[in-house]
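Asker: Here the protein sequences come in this chain order: A and B.
FYI, in the numbering used here the residues of the first sequence are 166 to 306.
FYI, in the numbering used here the residues of the second sequence are -19 to 117.
No lab work stands behind these hints: they were computed from the structure.
Hints should not be assumed to be uniformly reliable.
Said to hold, decoys possible - If you want the footprint, here are the derived chain B segments under chain A, 3+ residues with CB under 8 Å:
hint: 1; region: 16 to 22
hint: 2; region: 71 to 82
hint: 3; region: 88 to 99
Stated by the list, open to error - Simulated restraints on C-beta separations:
hint: 4; chain 1: A; residue 1: I188; chain 2: B; residue 2: D58; range: 54 to 62 Å
hint: 5; chain 1: B; residue 1: L51; chain 2: A; residue 2: D279; range: 13 to 21 Å
hint: 6; chain 1: A; residue 1: I198; chain 2: B; residue 2: R46; range: 45 to 53 Å
hint: 7; chain 1: A; residue 1: S248; chain 2: B; residue 2: R72; range: 32 to 40 Å
hint: 8; chain 1: A; residue 1: Q191; chain 2: B; residue 2: K49; range: 55 to 63 Å
hint: 9; chain 1: A; residue 1: I188; chain 2: B; residue 2: I59; range: 51 to 59 Å
hint: 10; chain 1: A; residue 1: S248; chain 2: B; residue 2: V(-4); range: 45 to 53 Å
hint: 11; chain 1: B; residue 1: V17; chain 2: A; residue 2: I198; range: 12 to 20 Å
hint: 12; chain 1: B; residue 1: T13; chain 2: A; residue 2: Q191; range: 17 to 25 Å
hint: 13; chain 1: A; residue 1: R177; chain 2: B; residue 2: V(-4); range: 28 to 36 Å
Glycine residues also receive a C-beta, built at the ideal position from the N, C-alpha and C atoms.
Below are the chains, spelled out letter by letter.
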Amino acid sequence: MRTPRRRRRRARIIIPVASMADIAFQLIIFFMICSNFARDAGISVQPPPAPNLERLRESRTAVAIDAQGRIYVQGRRMPDARSVETEVAELLRRAQTPDARTVLFRCDRAAERDLFEPVMDAITRAGGIIAAVGEPEEKQR
Amino acid sequence: MLRRERRQYGLDDIPVASFSDIAFLLIIFFILTTTLVATRGFLTDFPAGQRSEKQDEKKATTVTLRDGKVLLNNSPVDIPTLRKELRALNLRDRTGDDKVVMLESAGRVEYREYFQVMAAVTQAGGTLCIVRETGGD
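Same shape as in the complex, but just chain A:
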């Protein structure tokens, strides 16, 4: 008779899970703030290879030229290099530091000179510092 009574009196162990949601939401907020969202995602570019490339910081401004020769600024299609200059100048209008003036330039390796040179020139004229994106040569082998 005594043994079952003692079992009934034993306290139930409750794990407090009320703060789990707070922790999880704080993690989500942390990841969202620390993330840099790619502005030219979905644009098919095969960067050229070169050795000893340094790691580039993420930039707020991105210009890309894809394999078909289409020009993009911040993922938006541009008709020509002149529009790139206007668009980049507008984006860099409030840029004060060299870091803020950096323009991530992703260009397909097969792009022709007549296409990429005016775009690079346009970025420079707009006051941007070109961060040319490449692929480490070690990967190729």
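Starting from the known structure of chain A, fit chain B onto it as the hints suggest.
Answerer: Chain B alone, transformed into the frame defined by chain A:
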């Protein structure tokens, strides 16, 4: 009576038990859909300006790209040799205009070659200057 009913059925409490599940599902979704990319390349701050008649072109090192060929001061070189030659020039220790390397291109030139020359000049510590025909605009 009313109080008793509320206590009995827990009407005052908002059910938050599923909140953590939702949050963790969101985290898992973000982790699975995120691609971590380390962007690699180099920085080039091209000096903007126009070529003047008085400019002493003989002093500046010139790299020319013409129809798939690379010329360093008019002598044909391949990319590894160009890297060596540029390193030998000690551009990093130079100042002002002596650091300048002119990059000229003509004919059919792909970005792949152009990029490799730009990378070689930048890594050697030179200031890259692109020479472009503007057609008088």
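Asker: Against this structure, judge whether each hint is valid.
Answerer: Here is how each hint holds up against the structure:
no. : hint                         : result
1   : 16 to 22                     : holds (count 6)
2   : 71 to 82                     : violated (count 0)
3   : 88 to 99                     : holds (count 10)
4   : A/I188 - B/D58: 54 to 62 Å   : 57 Å, holds
5   : B/L51 - A/D279: 13 to 21 Å   : 20 Å, holds
6   : A/I198 - B/R46: 45 to 53 Å   : 49 Å, holds
7   : A/S248 - B/R72: 32 to 40 Å   : 37 Å, holds
8   : A/Q191 - B/K49: 55 to 63 Å   : 58 Å, holds
9   : A/I188 - B/I59: 51 to 59 Å   : 52 Å, holds
10  : A/S248 - B/V(-4): 45 to 53 Å : 51 Å, holds
11  : B/V17 - A/I198: 12 to 20 Å   : 18 Å, holds
12  : B/T13 - A/Q191: 17 to 25 Å   : 20 Å, holds
13  : A/R177 - B/V(-4): 28 to 36 Å : 20 Å, violated
Of the hints listed earlier, those the structure fails to meet are numbers 2, 13, in rising order.
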